[in-house]
Structure formats: structure tokens, C-alpha cells
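Colleague: So the protein lines, in turn, are chains A and B. Using the numbering used here, you'd call the opening residue of the first sequence number 433 and step up by one each time. Using the numbering used here, you'd call the opening residue of the second sequence number 10 and step up by one each time.
What the hints contain is simulated information worked out from the structure, not anything from laboratory work. We treat Cβ as the ideally placed atom computed from N, Cα and C, and that holds for glycine. Some hints here could point you the wrong way.
As the list claims (entries may be wrong) - Below, computed lysine-lysine pairings styled on BS3-like, alpha-carbon distance capped at 27 Å:
#1 B:K260 / A:K611
#2 B:K274 / A:K776
#3 A:K788 / B:K274
#4 A:K603 / B:K206
#5 B:K206 / A:K508
#6 B:K332 / A:K603
#7 A:K492 / B:K206
Said to hold, decoys possible - Computed, partial: chain B to chain A, Cβ under 7 Å:
#8 S76
#9 V153
#10 A159
#11 L216
#12 A219
#13 R242
#14 I270
#15 L342
#16 V410
Stated by the list, open to error - Which residues of chain B face chain A? A partial, calculated answer using Cβ under 10 Å:
#17 P77
#18 P152
#19 V157
#20 L180
#21 S188
#22 D208
#23 D218
#24 R221
#25 A229
#26 M238
#27 N307
#28 G319
#29 A322
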Amino acid sequence: MMVFVLFFIAAFGLLGQTFADSQAFLRQYCEKCHQDKAPAGGFRLSRITTEESLATDAAKWLSLTNRVKNGEMPPKGAPVPPIEAREAFGNWVGTAVHEKACAAGIVPGSALIRRLNRDEYAATVRDLLDMHMDIARTLPMDGAGGEGFDNAAETLFLSPLHTEKYLELAKFATDFAAKEFKSHARIFVAKPGPGVTPEQAARTILNVFLPRAFRRPVTEAEVAPYLELFRAAQKQKEPFEASVLFALRGALVSPNFLFRVESANTGTAARPLNQYALASRLSYFLWGSMPDELLTDLAAKGKLQDPEVLKQMVKILLRNDRSMGFAERFTEQWLHTRDLGGDKAPDAKLFADLAKDEDLRSDIRYQPIMFFREVFLQNLSLEYFLDSKHTIGTRKLERHFGLKLELRPNQTSQPHWVPLPEKSNRGGLLGMPAVLSVSSYPYRTSPVLRGAWILESMLGTPPPPPPANVPALEEHREGTAPKTVRERLAQHRNDPVCASCHSRIDPFGFALENYDVTGKWRAEEGGKAIDASAELLDGTKFAGPEGLRQVLLDRKDLFVRHLTNKLLGYALGRGLTLQDSCTVDAIVTKLKDNGYSARLLLEEIVTSAPFRNQAGMPAPKELVKR
Amino acid sequence: MKTGLSRRVMLRGAGVGLGLPWLEAMAATGAKPPVRMAALYMPNGVNVDHWTPKGTGRDFELSKTLSPLAAVKDKLVVMSNLWNANSIGGDGHYVKEAAILTCVTIKKTPGADIGNGVSVDQMAARKSGIETPLPSLELGVTPVAIGVDAVVGYTRVYGSHIAWSDATTPLAREINPRSAYERLFRAASGQSDIAGKMDTLLLDRVLGDANRLRGQLGTADKIRVDEYMSLMRALEQRVQRASAGTQRTWKARVPMDSKAIPPEKPADHAEHVRLMMDMIATAFQTDTTRVATFMFGNAVSNVSFRFLEGVSAGHHDVSHHAKEADKLRQYQLVNQWHVAQYAYLLERLAGMREGESTVLDNSMVLFASALSDGNSHNPHKLPLLLGGRGGGRIDSGQHLVYSEDSPLANLYVSMLDAFGAPVERFADSTGPLAGLLKGG
């Protein structure tokens, strides 16, 4: 709890607000319209005049606070509170509602049935059929929701395009698998022969295949429709194997395969998740694919709810190569580096060397991904993401950095873990070109974009939206000398409307100006020495990446909380609720007491109440966190 | 890229030599060609100084940005002063762009309770979708934007979809030209009787399995399985419609050329867009579908336009011109390029004969942006063009100027009327769009 409060104090200097203050604020700015018999928008302030309402009407409190924070309320024409008052009010409400909710104990949120996303589908087909081919290339990409990931149940929509592709890909995958030795052996565990009818063999095959495809035991009644498909194909004079494959095609378009289903909890109370569902939660979290035999076996023995077993599984699953899929998907969406393949790539004409060098671009892309995985594999401190004595290196990255790295002699083209020399300026995520590029324009760096990137991706405190009708910056007036970006931004911050946010955003970006768009180090730009000095709102002065790292390390609680939010949201595949933030509190406190151990974070997530339990019906009223 | 060009030429030729028999048969029976509807969406607004034509009514002069449309000017309607009242507020992009075809206010959410309306194209597809192998075609050139825009609090799903089959379901887009082509080809050529039968059987059994699963789920989950089942059922029906044999009720108006396969990875943005225009033209010509949407980019798209002579930045960057002369100049060039792609599609459709008329005569192709001036995220005076004569219903060759802030939804009421799927109201419409339809 302390951490949460500290978070706001650290971020906004929030002290001394009380319930009475909040009521005074509401009376001053809202009461005029929101009272009497016909209050505006049907909302009457009298609904929330007791402290108890923070618990019983938490959703109302949060939604009105959001509107105030966003500047939607009070409406145009009404007296508007100053931005500091708005924020102080909003932050107080957030903290107070949170405190009330957590006092009531942790309640798991509900997990909707969801289809496998594109990557999960590809990995699952790969592991199910034991074939090494990305068959999902032609599937549409998924959008993202929740905490910003494409595995969020709420945004995994289904289109006619999907159903068509599923039908086609099922045929493609089974045809392909039939020709591969390993896949063929995996599927055809029985064949007709003396004393074995084709139907008996098909039944044996389906009895093995379907539980794997559906990620749980199946009943005889569930096998029946697929056996019927086999029979129908036989009737069409299809050979035995083709008939089996036809039945498997059916299984691959079944909702039992395409969706992650957790059988309904019809009681009103939360309950521990079914073993097989838990096995899937684990494997889709840390692999992005179906459970393997070990997990299925533990589920069959009923051992997966044991916290010690769960912790053990974190280690085992991480060590498997499949956890690269997790590292890639999580890291690229957390840091937004997936966009490097699109609009955000450095301009090909301006940075021709990079554009031409596919290996270097690949090394740049994989550096944060592999770094992320190593931090967890080696169980380092989470502080490593902010500053580190190691990085992921290759010969090409070494040249890009202009450093001498102790690369493994025979592996200079393979990205691997290397120590960094003293004062390398390459420690932590902020020394990585992928991060520095994705927070730049394709053709120039931007302290605003980089600052906003740090606020959002590192600290979890994104800047508020720009106010409506921002006056356009009239830059470069006739007769004046062109200004540098820094000078223009200084001008920007002279306008109090802009300054309220930009003085919070820009300093972080200024400190990174020594890195160009591609993440290369530069001492000057256009003949002028780089000025990487910066000053925060509270007067803290710092300069360059080293100074920035220290500033971030001083705020590591914010960082750790943000990463915990992100990982928990990814693990649960949904947006976090108010109740989930209580889980996050507990995890962050535990991390703080244990040297920010990376693996502990994953262990705490998989043993947490929302990960291991299933909400009852009707699901507890969920509150959106923000 | 030479091969790309030759493929395009082949595609273009596809209908001409091969398509006559069916077409003539159609002409002989006196059946009217079907009406098609497409919407092309351009992100980031326009340089308003060079958009609006001079003059009104039939006597108008194309502006600089609209100059690429000279050859099809008499089949074009330019509409000025319409706006989407429900897209005001919220934020600068998502609220505007997600609602360009729905005209409702989207729900502000990182994803949990997404909400929009049914888009005009999907209203049309509800009628025509059961008559063609594909209910509608959703195309784009850039993948879905990932993540939640934490600054404004909207999931980027909103900025990546303009076609919504219902309030909670955005439709996935195809961005790979080859996949799009293959999909059209498969749909248009159908399959053998046996293969169709087997697919039908397979889907039937799977639906049985889904139904069993449905019985074990809670309410919220049931809704999702219901969605799955209705889509699978629709697929089953489409398989039946397009298979050879007695169930077949649809035939391509013009066969597709199996050799005209576009590349999987186009050489650049420009080629990519052109190939997708070709896909719409082919789909309409063959009658594989009668409804299509295309997104030139997602909301806030910052695709680099440095491939254009005189442009040095990305799309979103130039739209935030800050009234700087040079950026405004670049902004106009980018707008004009988009209009030229639109003109290319209209001209292609105009070149496809269909009895006495052309496919363009029997189509209506909307070009729209959800903002006027991108710098100020202005949702008033939207840039809107409608090409084609909608089967002869549209009174084309005009610049229609309305009183300020007339509802965009009125245009959709009229388009749905011309399409043959009339509605009383569409979102906040107040009636049909005066002067658009003949006698209207």
C-alpha cells in the first residue's frame, strides 16, 4: 500500500489532501449542475458524499475523476479548476478508492473465453503437429487492449476473414504435417492391421490427438463428431490417412482448439482454477503455446495449484527455447519496438547504412528481447533494465556503438550476453538502439517523443492528452534565425498551457540527445555540440544518459510497479481491474524486500490470486483501473 | 519493379478477353448489373487551402489537390460542409477516424468495453453479402496498430478499423496483396462439388461441437461462442453457394485470371496501394463482392512519403504543419497523391465495360478523411468525394455545397438507398442528402 501512495507523492507531490478536500472540490466545480431532481447527465453529487461511497460507488468515483483529469469536466463555459487542483483531486481519488478496495481483500477478475491470437495460433499448431513452419503468416494481425497487448481477451475479435483462414490453414497444416516424418509419427500413433479395424485405429489416434488439441481430457461424446468426419471421408473412398487428416482438420477449426476455454464457475464465490486451465495459463504466459507433456502430467496429477510447483515451473518454462516467444511478444509490445518494422523505422535514405544492413537491423531488434530473457533466466535485479553492466552484443552492434566488447570469439554474429566496458553509455534499455529509434522520428530525434516514451513505457505515467485547440506553434517567423529543437521547445514551455506537461516530458528526452535516430553516439549535431543537460520540475538537474539513469533509479519503484502491471496484464490476458492493483501492491512490496529479483516477479505472478483463481458468477463488479 | 507492373497489366486485362459469355448472358436476360459500394479512407485530414473546388453545382473547377480526377470529373460528386457531429471531442484522431463510416461516438476504452456503431458498408453488406461469395472486402496496406494509446486512453483498435459489422466487432483487414488475390480467386472459382460437400460436412460437425461447448459456458462466454457459430454458419453457406453443383447460386460475372498473381511483398507503399486498388476493381468486376473498404493508413499514420518528390517527412508529421509554408506544401502533395490513387481506381472501374454501362456507372466509391485540417484535428467541413453513378441513381458531375455542419450520415442514407438497402435513418441523419440522387 505504502508503495502506491509513495508513487503519487513521488510523481506529483501529493500531500495533505483529505476526503473533505475532495468534497470541497466537487462542491466548488460540480455542484451547480449535478444536484437537484434533474442533475446533468443523471449524476447527482449527493450519491458520493460519504467515505463509504469510495468502496460502494468506486466505479462512479473513478469515471468522474477520469473526466475531470481529461478536462472533459467541468464543461466549456463553466469555471475550470487549475491543472494542479485537478491532478491533486484525481490522484487523491485514485489512492483512496484503491485503499478501500484492497482493504476488502483480493478478488480475482473474470477471464473471458478468448481465441488464440495470431502468434499463439502459429505456435500451438507448430507444437501440436510437431512441425517447424510459421503457418499463421496470412492471418490478420490482432489489435491490442487491456494493458496494451495483443493477447487481451477483450480485443480478440473474430471476422469472416478469420473463419475462412482457419478453415484453409487447417487443411494446409494437416497436409503439411502428413508429409513430415516427425509430424506424421506424432499423429499416426495407430494404424489398421490384423485385428485392428480402420475405425479402431482412427479412434486411438483421436483419443491421443484431441486432448492435446483441446488442452484437456475429452469425453467419448466429444470424440464422436470427429470420428464421424473420419467415417464420412472413408465413405468417399478416401484412404485411411487422408480420412484421419480430415477429422483432424475438423478439430483445428473447433472452438475447443481455437479458443482458450476455462469451464464456467457457476458458483458465486471465486474458486481455484481447474488444473488443465491453469496449465494453459502457464504455457500461454511463458511460451505463448500449448502445455507440453510435463505440464499436462502435473495437471493430471492435480499438482499445479501447489505454489512450490508453480515456482519450479517458472524456471523450467523459462529455460525452454519456447520462452523466446514470450520475451519477443512481451518486450516488443511493452517497449513498442514492434513498430520498428513500420512507420517508426529510421528513414532508409538518411540512414542508408542501417537500411542496407539486414543483420544489424535484426541485431538491434533482438537486443532488448534477449536482454529481457537473460535478466529473468539469470535472475538478475530488475534494476538491470534501468542500468546494467552487461548487454546483448554482436560484432555489428559493437561497431554501431563504437565500443570494444568482449564478444565470444566464435559467436560474434550471434547475439549474446556480454559485459560492458566502464562508461559505455550502453547500460539498461535506454542504451539500446531499438528503444532510441522507436522514440524518434524517422528522420530526426525528438526530446518530446523520447520523454513521453520514458514516461509511458518506463514509469507508467503517460503525459495527459494535449488540451483541445492547442495553439499552433508559429515557428520560424520572418527575419528571425531558425531555432534549434531545444530553443523551440523552450519557447513552447513559456506558454503556461504547454508548460504544464512539456516541462514534465522534455527533460527526459534532452538527456538522450547524444544518441541519434539509429541509437549511434554523437557529440555534435550540425556542427553544434550536443547539450544533454536537463532540469526536472522539482529542480533536479542532471545531464546525459548517466544522469538520466540515476534519475530513473531514484524512481525505480515507479518502474517496478509499471513492469509488474504490464506483466500481470500480459499473464492474465486482460486489462487490470482495481482489485488487481491490490495484487500489484503486494508483489511490488515483496520485490522491494527481496532486492528486486527478476524471477521472483514471475513467481509472484503465477502464484497470485488472479492468476490461479477463477471469479464466480456473476463476476464481481469490475472497475477499470484508470 | 518490372514484374509488378506486368502483373498489373495482366490483372487489368483479366476481364476483357475472358468475361464476355456470362456478361452477355446477363445482358440477354435483361438483368440489371448489381450496384457496388466502396469506401476509401485517408488518415490525417487535408490541406484545406487546396481542397475545395471553385464554383458550385455542375459548373465547378477542380482544385489543385483534386486535379488528378479530371478524367472522371463528370462521374464525381464533391461534397462540402458535411461533418460528423458525434466525432467531436474525445481526442484528435480515434474518435473521428473510427466513426467515419458509423457516425456514432465511440466508447473511450483501452479495450474492455469497446463500442462503435455499424458502418455504412456493413449495412450494405447485410443485404448483398448473401448474394456473393464474399460478404465484403476489407483491405489495407499497414498492419493493425498495436497497443493502447496511453496518452488519450483509447485502444488503437479504433484507429485501425473503419468497417464494423456491429457495435463491438471491427472487421479484420487483409493487407497482403497476394493473400487478397488468392482469397478472391478461391471465392470466385469455388470448389468441386465433393470438396464443397466435405467442407460443409466438416463445418456442420464442428458447429455441433461448438453447440455442446456453448452449453457449458457462462453468459459472457456464450456470446463469444455464438459469434463464432454465426460466422462459421455464414462460411458454411458461402462454401455451398460457391461450390459447383445444385446449390450454386452465384457465378462470376467475369472469370478471374489465375496467372495475374500479385507479389506478396510490394516494392513500396505506392505499389502496395495500387495493387489493393486492383483488388477492389477485380472484386467488383467479377462480382465476388459488392462491398469494399480500404484504409490508406491507420489513424495517426506516419507512413513516410519521402518517395514523393518534394516531401521529406511522414504523413502525420506533415499534417501537423503548424502553418509553416513548406509543411503545408508537402501536406498538399501527400493529399494529392492519395487523390491520384483514388482517380486510378475510378478510371479502372470506368474502363470495365458492363453491357451498355461500366462498372463505375454501377458503383459508388467514397473517398473520405475524418478531419479537414489535420493540424487542428478539425472535424468540420470533411473532405468527401463520391465517384460513380450508383447504377444510374447518383446525379454525378456536381459540387454540392451544404449549409455548414450538415450531417455526414445523410450521405449514408442516400448511398444505402442507391445501393438497394434503404434505411429510414442512419445514426444522426436527418434525411437523405439533398441533390445527390436523381430526383432527390
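Colleague: Please go over all the hints and tell whether each is borne out by the structure.
Modeller: Verification of the hints:
| no. | hint | verdict |
| --- | --- | --- |
| 1 | B:K260 / A:K611 | violated, 35 Å |
| 2 | B:K274 / A:K776 | holds, 19 Å |
| 3 | A:K788 / B:K274 | holds, 17 Å |
| 4 | A:K603 / B:K206 | holds, 15 Å |
| 5 | B:K206 / A:K508 | violated, 62 Å |
| 6 | B:K332 / A:K603 | violated, 56 Å |
| 7 | A:K492 / B:K206 | violated, 54 Å |
| 8 | S76 | violated, 27 Å |
| 9 | V153 | holds, 5 Å |
| 10 | A159 | holds, 4 Å |
| 11 | L216 | violated, 9 Å |
| 12 | A219 | holds, 5 Å |
| 13 | R242 | violated, 10 Å |
| 14 | I270 | violated, 14 Å |
| 15 | L342 | violated, 16 Å |
| 16 | V410 | violated, 26 Å |
| 17 | P77 | violated, 25 Å |
| 18 | P152 | holds, 4 Å |
| 19 | V157 | holds, 5 Å |
| 20 | L180 | holds, 5 Å |
| 21 | S188 | holds, 5 Å |
| 22 | D208 | holds, 7 Å |
| 23 | D218 | holds, 5 Å |
| 24 | R221 | holds, 7 Å |
| 25 | A229 | holds, 6 Å |
| 26 | M238 | holds, 8 Å |
| 27 | N307 | holds, 9 Å |
| 28 | G319 | violated, 14 Å |
| 29 | A322 | holds, 7 Å |
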